Each structure stands twice: as C-alpha cells, then as structure tokens.
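Participant: Chains A and B, in that order, are what the protein sequence lines are.
My numbering puts the first residue of the first sequence at 1, with every later residue one more than the last.
My numbering puts the first residue of the second sequence at 1, with every later residue one more than the last.
In case anyone wonders, no lab produced these hints; they're calculated from the structure.
Please read these numbers as outputs of a predicted model, since none were measured by experiment.
All C-beta atoms in this analysis are idealised placements derived from N, C-alpha and C, irrespective of residue type, glycine included.
Mixed in with the good hints, there may be bad ones.
Stated by the list, open to error - One side only, chain B facing chain A, incomplete, derived with CB under 7 Å:
#1 G10
#2 A18
#3 T142
#4 F248
#5 L251
#6 N253
Claimed, not checked - Calculated cross-link-like contacts (lysine-lysine; reagent style DSBU-like; alpha-carbon spacing at most 35 Å):
#7 B:K178 - B:K11
#8 A:K330 - A:K319
#9 B:K170 - B:K11
#10 B:K390 - B:K169
#11 B:K390 - B:K282
#12 A:K282 - B:K11
#13 B:K144 - A:K194
#14 A:K383 - B:K169
#15 A:K58 - B:K390
#16 A:K11 - A:K282
#17 B:K11 - B:K330
#18 B:K330 - A:K144
#19 A:K89 - A:K58
#20 B:K11 - A:K338
#21 B:K89 - A:K267
#22 A:K390 - B:K178
#23 B:K169 - A:K144
#24 A:K11 - B:K390
#25 A:K169 - B:K89
#26 A:K86 - A:K282
#27 A:K144 - A:K194
#28 B:K178 - B:K144
#29 B:K11 - A:K11
Protein chains: 2
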Amino acid sequence: MEAAEFRRRGKEMVDLIADYLENIEQRPVYPDVEPGYLRSLIPEEAPEEPDTYEDVVKDIERVIMPGAASPACTELETVMMDWLGKMLKLPEDFIAGTHGQGGGVIQGTASEATLVALLAARSRAVRMILASDPQRPETGITSKLVAYSSDQAHCSVERAGMIAGVRMKKIPTEQSDKYAVQGETLRRMIQEDKAAGLIPFYFCATLGTTPSCAFDHITELGPICNAEKIWMHIDAAYAGSSFICPEFRPLLNGIEFADSFNFNPHKWLLVNFDCSTMWVRKRSDLIGAFKMDPLYLKHDHQESGRYFYTDNSLFRSLKMWFVFRMYGLKGLQDYIRKHVELAKEFESLVRADQRFEISADVVLGLVCFRLKGSNEVNETLLKRINNGRKIHLVPCQLSGQFVLRFAVCARTTESRHIREAWRLITQLAEEVMQELPH
Amino acid sequence: MEAAEFRRRGKEMVDLIADYLENIEQRPVYPDVEPGYLRSLIPEEAPEEPDTYEDVVKDIERVIMPGAASPACTELETVMMDWLGKMLKLPEDFIAGTHGQGGGVIQGTASEATLVALLAARSRAVRMILASDPQRPETGITSKLVAYSSDQAHCSVERAGMIAGVRMKKIPTEQSDKYAVQGETLRRMIQEDKAAGLIPFYFCATLGTTPSCAFDHITELGPICNAEKIWMHIDAAYAGSSFICPEFRPLLNGIEFADSFNFNPHKWLLVNFDCSTMWVRKRSDLIGAFKMDPLYLKHDHQESGRYFYTDNSLFRSLKMWFVFRMYGLKGLQDYIRKHVELAKEFESLVRADQRFEISADVVLGLVCFRLKGSNEVNETLLKRINNGRKIHLVPCQLSGQFVLRFAVCARTTESRHIREAWRLITQLAEEVMQELPH
Numbered sequence: 001m002e003a004a005e006f007r008r009r010g011k012e013m014v015d016l017i018a019d020y021l022e023n024i025e026q027r028p029v030y031p032d033v034e035p036g037y038l039r040s041l042i043p044e045e046a047p048e049e050p051d052t053y054e055d056v057v058k059d060i061e062r063v064i065m066p067g068a069a070s071p072a073c074t075e076l077e078t079v080m081m082d083w084l085g086k087m088l089k090l091p092e093d094f095i096a097g098t099h100g101q102g103g104g105v106i107q108g109t110a111s112e113a114t115l116v117a118l119l120a121a122r123s124r125a126v127r128m129i130l131a132s133d134p135q136r137p138e139t140g141i142t143s144k145l146v147a148y149s150s151d152q153a154h155c156s157v158e159r160a161g162m163i164a165g166v167r168m169k170k171i172p173t174e175q176s177d178k179y180a181v182q183g184e185t186l187r188r189m190i191q192e193d194k195a196a197g198l199i200p201f202y203f204c205a206t207l208g209t210t211p212s213c214a215f216d217h218i219t220e221l222g223p224i225c226n227a228e229k230i231w232m233h234i235d236a237a238y239a240g241s242s243f244i245c246p247e248f249r250p251l252l253n254g255i256e257f258a259d260s261f262n263f264n265p266h267k268w269l270l271v272n273f274d275c276s277t278m279w280v281r282k283r284s285d286l287i288g289a290f291k292m293d294p295l296y297l298k299h300d301h302q303e304s305g306r307y308f309y310t311d312n313s314l315f316r317s318l319k320m321w322f323v324f325r326m327y328g329l330k331g332l333q334d335y336i337r338k339h340v341e342l343a344k345e346f347e348s349l350v351r352a353d354q355r356f357e358i359s360a361d362v363v364l365g366l367v368c369f370r371l372k373g374s375n376e377v378n379e380t381l382l383k384r385i386n387n388g389r390k391i392h393l394v395p396c397q398l399s400g401q402f403v404l405r406f407a408v409c410a411r412t413t414e415s416r417h418i419r420e421a422w423r424l425i426t427q428l429a430e431e432v433m434q435e436l437p438h
Numbered sequence: 001m002e003a004a005e006f007r008r009r010g011k012e013m014v015d016l017i018a019d020y021l022e023n024i025e026q027r028p029v030y031p032d033v034e035p036g037y038l039r040s041l042i043p044e045e046a047p048e049e050p051d052t053y054e055d056v057v058k059d060i061e062r063v064i065m066p067g068a069a070s071p072a073c074t075e076l077e078t079v080m081m082d083w084l085g086k087m088l089k090l091p092e093d094f095i096a097g098t099h100g101q102g103g104g105v106i107q108g109t110a111s112e113a114t115l116v117a118l119l120a121a122r123s124r125a126v127r128m129i130l131a132s133d134p135q136r137p138e139t140g141i142t143s144k145l146v147a148y149s150s151d152q153a154h155c156s157v158e159r160a161g162m163i164a165g166v167r168m169k170k171i172p173t174e175q176s177d178k179y180a181v182q183g184e185t186l187r188r189m190i191q192e193d194k195a196a197g198l199i200p201f202y203f204c205a206t207l208g209t210t211p212s213c214a215f216d217h218i219t220e221l222g223p224i225c226n227a228e229k230i231w232m233h234i235d236a237a238y239a240g241s242s243f244i245c246p247e248f249r250p251l252l253n254g255i256e257f258a259d260s261f262n263f264n265p266h267k268w269l270l271v272n273f274d275c276s277t278m279w280v281r282k283r284s285d286l287i288g289a290f291k292m293d294p295l296y297l298k299h300d301h302q303e304s305g306r307y308f309y310t311d312n313s314l315f316r317s318l319k320m321w322f323v324f325r326m327y328g329l330k331g332l333q334d335y336i337r338k339h340v341e342l343a344k345e346f347e348s349l350v351r352a353d354q355r356f357e358i359s360a361d362v363v364l365g366l367v368c369f370r371l372k373g374s375n376e377v378n379e380t381l382l383k384r385i386n387n388g389r390k391i392h393l394v395p396c397q398l399s400g401q402f403v404l405r406f407a408v409c410a411r412t413t414e415s416r417h418i419r420e421a422w423r424l425i426t427q428l429a430e431e432v433m434q435e436l437p438h
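Based on the sequences and whatever the hints tell you, model everything.
Facilitator: What follows is the structure, given as structure tokens:
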C-alpha cells in the first residue's frame with residue numbers, strides 16, 4: 001500500500017475502532033459459536049489475485065466479530081496456517097483441515113519455534129523410552145539425550161538446547177559441500193553417540209543459514225532421522241517465504257520426512273513483526289508436551305480437539321489474512337522474485353569487478369562477497385561502509401574468512417538502490433586499498 | 001482517551017506514519033548515538049500529572065528517532081522499567097540507573113517471566129555447585145534440583161518446571177491461612193528434600209493468586225530462601241499494578257529478599273497486551289543464562305554492559321511511555337482505586353444477601369463468592385450466567401468448593417455495571433434455586 005492510500009485507509013480504520021469502542025455495550029461479552037464456525041465463512045485457499053480493501057474490512061464484522069477475540073483468533077490462525085501451508089505445497093499431513101492430525105501455529109520468532117519443537121521432541125523421546133522401560137527415572141533419560149544441528153545453524157538453536165537442558169552437538173560442514181550438512185556426517189555422529197550410550201532424539205535442519213543461506217540436504221537427512229526415530233525440525237526462518245514460488249519450492253524437497261517446519265513471514269513475506277509460522281505433523285506431540293488443565297482454563301469445547309494452543313495466538317493471524325488478501329499469491333510471488341533479481345543484479349556487479357569475489361552461491365536475496373585479500377582489509381571496508389550510514393551490512397565468517405553480507409530485504413528496494421550501494425562500496429574499497437597494503 | 005479524541009489523535013498518528021514512510025530515504029540507516037544517550041533526554045521519573053498528547057508525540061522525533069529502532073527500544077525499555085520500578089518503590093537494587101547491577105526487562109507474559117527466572121536460577125545453581133565441585137557432571141546436578149511454588153500458583157509455574165526439566169513441588173496451603181504459603185511449610189519441605197539428597201534452588205512466590213487473589217507471606221519466606229541460596233521469584237501478574245498506590249504497597253513488603261519480580265501492566269495498568277514487566281537484582285544472572293555470541297550479533301558497544309537483552313524488546317516500552325505520560329501517576333492510581341472500590345461495592349451487595357457467601361478476602365478487584373449450598377447449584381448458576389452473555393465469570397475451586405469469581409477489569413466499568421450484574425446474578429440464582437433442591 002502506498003503512503004497516500006495508507007493515509008486514507010488508516011483513518012478509516014481509526015474510525016472503525018472508535019465506532020467499536022463507542023458501541024461495545026451492545027455486543028455480547030462471550031461469543032455464541034461452535035468450534036470450526038469460521039472455516040466455513042472464508043475460502044479454503046488464499047486468493048491468487050488481490051482482494052479489494054473494502055472486502056477485507058467488511059469481513060471483520062462478518063467473520064471475526066461473531067467469534068470475538070476467542071475463539072476467532074485461534075480459528076483464523078488455524079485456517080491461515082492452512083492457507084500458507086497450501087501456498088508452500090506442504091504435504092497433506094501438515095494441513096489441519098477439518099480432520100487432519102497436523103497443522104500450524106504461530107510463534108513469535110524462529111528461536112521460539114526451535115525451542116518448542118525441541119521440547120516436544122524431548123517429551124516424545126522420554127515417553128517412548130518409558131513405554132518400553134517404565135522403571136527408568138526420567139532425569140536419567142534426559143541426561144542421555146543428544147540433539148544435533150549444523151555448525152552453521154543460528155545461535156538460537158544452541159540456546160534452545162541450553163534451555164531444555166540437553167546436549168546439542170554441532171555437525172561440521174565444509175566449504176566444498178556449500179556449508180550444507182551431509183547425510184554421511186549425521187549418520188556417523190549418531191552411530192558414535194549411540195555406541196557411547198547416548199540417545200539421539202532431535203535434529204534441527206536449516207534451510208537458508210544465517211551466514212551464507214546454505215541448505216542442509218534434508219532429502220538425505222530426513223530418512224536417517226525417520227529410521228532412528230529422531231525428530232527432524234526444519235528451520236527456514238528466512239528462506240521459507242521463497243517456497244511459495246514454484247521455482248524455489250524444490251529447496252523444500254525432503255519436508256515429507258520432517259516432524260516440524262518453521263519460517264518467518266515477518267522476515268520476507270510482508271507480515272509485520274512478530275509472525276513466525278510453525279507446522280507440526282502431529283498436533284498431539286505439542287499438546288502432550290505442554291498440556292495444563294486448571295479449572296480456570298476449562299471451556300465447553302475442551303474435548304473437541306480443535307483448539308491446540310491457548311497461549312500463542314492473539315490475532316497475529318489477522319495480519320496474515322490482510323496481507324494474503326491485499327497482495328494475492330501472485331503479488332507475494334512477484335515480491336519474492338523481485339528481491340532475488342535484485343540480489344542477482346548485485347552479484348553481477350561484484351563478479352564484474354576483479355578486485356572482489358563471491359563467497360557463496362547466491363540462491364535467494366543474500367549475496368556473500370569480499371575483497372580478494374586479507375580479513376583486515378575486509379573488516380576495514382565494512383567499518384567504512386557502516387560508518388557512512390547510507391547502507392548497513394552485517395558480516396559473517398566462512399571457513400576463516402571475514403565475509404560481507406549484502407541482503408535485499410526492504411519492501412521499497414529498487415534497482416537504483418542496488419547500483420547506488422555498489423557505487424558506494426567500490427568507492428570506499430578504493431580508499432581502503434590505497435591505505436592498506438593489499 | 002475517549003472515542004472522540006481517539007478519532008482525532010489516531011488520524012494524526014496515521015499521518016505521522018505516512019510522513020515517515022514517504023521520507024524514509026532521508027534518514028540514516030543506522031543510528032549514530034552512544035550507549036545511554038536516551039536517559040538524559042527524558043525525566044528520571046514518571047510524571048505525577050498527565051503530560052499533553054502534543055508533548056508526547058513531539059518526543060518521538062526528539063527522543064526515539066535519533067536511536068532509530070535499536071538501541072532506542074532497548075534504552076527506552078530500561079528507563080521505563082526504572083520509571084515503573086520507582087512508581088512501585090522497588091528497592092534500589094532493582095533499578096538500573098546509570099550504574100546499577102539490577103534492572104528491568106519486558107517479557108510477553110508472566111508465564112515467560114516465571115520460566116526465564118527459573119532458567120536463570122537453574123544456571124546459577126549449577127554454576128555454584130560446579131564452583132565447589134568442578135568434576136560433578138552437569139546433568140547429575142540438574143536431576144537433583146527441586147523448585148517450589150504454592151498449590152495455588154498459576155499452572156504456568158508447573159509448566160515452567162516441565163520446560164526446564166526440573167522437579168517442581170507444590171506447597172500445600174490452607175483455607176485457615178487464607179491460601180497463603182507459610183514459612184514453616186516451606187522450611188519443612190526444604191529440610192526433607194535436602195535430607196533426601198535433593199538441591200532446593202527456586203521458589204516462585206505468588207502475590208495475588210489466580211483462584212482467590214491470595215498473597216504468600218514473602219516477609220517470612222524471603223529470609224528462608226536467602227539463607228538457603230534459593231532464588232525467590234515473585235509472580236504478581238495481576239496484583240502488581242496496585243502496588244503503585246501507597247495503601248496497597250505493603251502487600252509487596254518482603255520484595256527486598258527477592259531475586260526477581262514480575263507483574264503484567266497489560267492486565268491492570270492500561271498498557272495493551274503484551275507487556276509483562278520483570279525486574280532482576282543482578283542482570284548478570286540473566287545474561288549468564290542465555291548469552292550467545294555469534295559474529296552476526298556483535299556490535300561496537302558489546303562490552304559496555306548496558307544492553308542485556310537482544311531478543312525481547314521491540315517497542316513494547318513505547319506503550320508504557322505513552323500510558324504513563326497520558327495518565328500520570330495520579331491518573332493510574334485513580335484507575336486502580338476505582339476498580340477496588342467497585343469490587344468492594346460488589347462485595348457489599350453479596351454480603352447483604354443471606355443466600356450468598358464470600359469465599360475469600362476481597363483485597364483488590366476480585367470477589368470470590370458462591371451460593372450457600374452445593375457445588376451443583378453453583379455450577380448451574382455459573383452456566384446460566386455465562387449463557388446469558390451479558391457478563392462472564394470464570395470459576396475456581398477453593399477447599400473443594402466450586403466458587404464464582406467476579407473480577408472488575410474493564411477500563412470502562414462503572415457502578416451501574418456492578419449493580420446491573422448483581423441484579424442479573426440474583427435473578428438467575430432465584431431461578432436456579434427454585435429448580436434445584438437447595
């Protein structure tokens with residue numbers, strides 16, 4: 001939405017809220033709907049083409065208000081997660097529908113999703129072991145559990161291990177493998193750990209790592225996890241949004257082996273922070289890990305099995321509903337493709353300049369690059385760039401090299417910004433190279 | 001703010017946002033400020049009387065924009081937590097100031113705060129034990145840890161124990177003690193557990209329990225925890241807001257023994273969801289428990305020790321800043337007092353009716369009451385009340401009795417609503433009593 005339309009629509013929305021507040025006493029304090037009421041009121045899939053703003057706003061009264069804050073928020077969340085799941089062509093197992101065992105739930109961040117999946121996995125592992133050995137003390141089991149993730153995984157994966165109180169081992173990756181975890185490496189670590197008496201139970205795969213946007217080989221890794229009864233969680237925090245485009249969807253192949261999957265629409269799908277979408281194959285795995293049952297949380301539809309989260313959803317789904325309808329699937333795909341094209345444009349500029357090198361494949365909107373030469377010269381270049389406060393780059397380490405990361409991520413970025421950024425970077429690079437021995 | 005003013009101010013705010021978006025390219029992409037820049041730009045305490053809306057909005061450009069999203073959000077959070085801490089007259093140890101060791105951080109919910117405190121306590125306990133016995137395996141320590149909370153505590157306390165993978169024992173309470181945890185009971189449980197080889201490390205006290213708004217005796221419990229090196233966390237999710245009034249502040253006496261303290265301004269202090277404020281005596285206890293240090297999160301002011309949270313704060317503090325200034329301390333105190341008076345008004349109505357009884361002391365805005373008679377008759381009454389959808393009550397169990405809870409919590413509640421609610425309840429009670437043998 002451009003600024004002029006935002007002014008008009010924003011003011012209409014202010015009036016809508018004020019009207020609601022002025023007439024609130026006319027409304028019932030508690031909704032009178034049956035579980036599942038909302039699903040039948042809206043389409044089963046996101047629209048291909050944009051809806052009109054008027055239609056979206058009209059639906060607030062028609063669809064949301066009868067269900068008030070709750071259960072409308074939970075129901076809309078379930079259906080929006082189905083919409084998005086279908087946009088991503090997730091396996092049927094992850095779609096809630098009216099009778100599915102799986103489904104989606106919104107978290108605040110990918111870090112939360114990683115932790116929630118880890119806790120569900122821990123609970124499942126303990127349950128499975130107790131089923132065959134009921135006398136074994138639970139703490140004795142936990143102390144033997146071991147989880148895995150790439151050495152390229154986000155630091156929040158390691159922190160999830162700290163919080164859950166379980167071992168988290170980093171799987172080494174190689175530049176020659178494009179920093180992806182290989183099946184053979186995971187298999188070897190599992191065998192060694194089992195031989196040492198440990199219990200492998202969780203593997204967090206990353207699709208689109210933070211340092212270089214690397215993709216773990218989940219088609220290889222998934223079957224290993226399935227055979228070993230290891231929970232495979234897929235963290236695609238950044239890259240996940242791209243999977244709505246058919247040309248990028250192959251990056252998600254292997255999802256059929258996963259127990260849970262997560263990415264952040266607040267990162268690259270135009271939904272404001274926070275909105276991190278997580279799907280599980282079996283909702284009962286999450287319910288089992290966190291269920292609490294005090295009288296003050298009881299409700300009439302407790303046993304319908306429809307509501308599987310009581311804590312997470314306070315209308316983050318409304319943001320998804322608005323965005324999906326205002327853009328339509330095609331509009332969202334265009335948005336992703338434009339960013340990837342802009343990144344490719346930047347990559348071409350880097351490749352055309354002999355002083356620079358590309359440090360990792362450019363798959364989506366991230367370009368890892370550096371000046372050929374020492375880490376020192378690149379660190380100095382980065383400092384100059386960021387001190388200018390015109391553009392801002394965040395670095396990474398790849399195989400001991402200090403690397404600059406150029407990420408296309410703002411809604412309004414155009415080709416002219418890319419060219420201007422490159423002009424600035426090369427100008428500062430020249431200065432730095434003149435000052436430092438190269 | 002009344003609806004008419006909200007219409008005007010809301011529309012001004014829409015224009016402010018649109019202006020920002022239209023001119024965003026003129027702004028630097030990264031702020032140019034030193035750590036602590038914000039503190040000197042605003043007063044050290046919340047105003048007694050309301051500020052004007054114009055002044056508040058002007059300060060966005062003057063105070064926030066120079067620090068952009070970050071560090072402005074973190075700095076404003078620290079200062080707002082100091083403002084609120086001073087409103088509550090927290091011990092100096094919990095105020096960050098410019099040189100304090102403690103301070104506040106905003107969480108999403110009290111459940112999160114309970115968990116964060118528990119994890120920090122676990123980490124501190126493990127560290128202390130390893131310091132005296134470095135060879136002891138960490139998982140062996142965790143399996144011996146034991147935490148405590150009231151049997152009246154919110155279910156999220158028990159869930160925090162599940163997540164952290166530690167024993168959580170419920171301390172029994174009695175009606176004759178007004179459902180408060182007694183020092184003697186805690187002391188006995190600690191001695192028994194230590195004798196059995198366990199390691200007591202965490203006690204979650206509740207000020208204002210969910211069922212009946214009971215207050216644990218922290219002046220008794222605190223010294224016991226301190227002597228045993230047990231982390232005392234205080235969960236005052238609902239009641240905490242009232243402590244800004246001098247007449248309710250004695251309920252917080254004993255805070256001087258606590259390691260951490262939390263309540264929800266989103267519950268009763270007019271700040272929109274979510275905003276759960278948590279203070280710790282030693283910031284280093286939190287940092288130590290969660291610290292991660294990857295290159296992509298490094299920044300120039302890493303070692304200044306000022307920023308102790310990188311994950312939690314995305315402008316929830318702005319809501320606090322606006323609310324504290326638009327109401328002033330006096331306005332907020334008036335708001336709390338009005339709700340307590342309305343609850344007392346409801347209590348008088350109940351007490352004046354011989355068919356009903358009050359089930360717990362009315363201290364703040366919650367009235368626990370029931371028809372004299374069976375649980376069945378009260379369950380039926382509750383169903384009738386809630387089916388009418390004019391008011392909504394949530395029940396609890398107290399000493400085996402099914403009890404109705406009347407909670408004054410909406411911003412716009414007036415005496416006429418209380419009287420109307422009581423008229424409705426008594427009318428339905430009559431119907432129920434005629435139908436069921438009493």
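Participant: Any hints from earlier that this structure breaks? Give me their numbers in increasing order, please.
Facilitator: The structure conflicts with hints 4, 5, 6, 7, 9, 10, 11, 12, 14, 16, 18, 21, 22 and 25, although it agrees with all the remaining ones.
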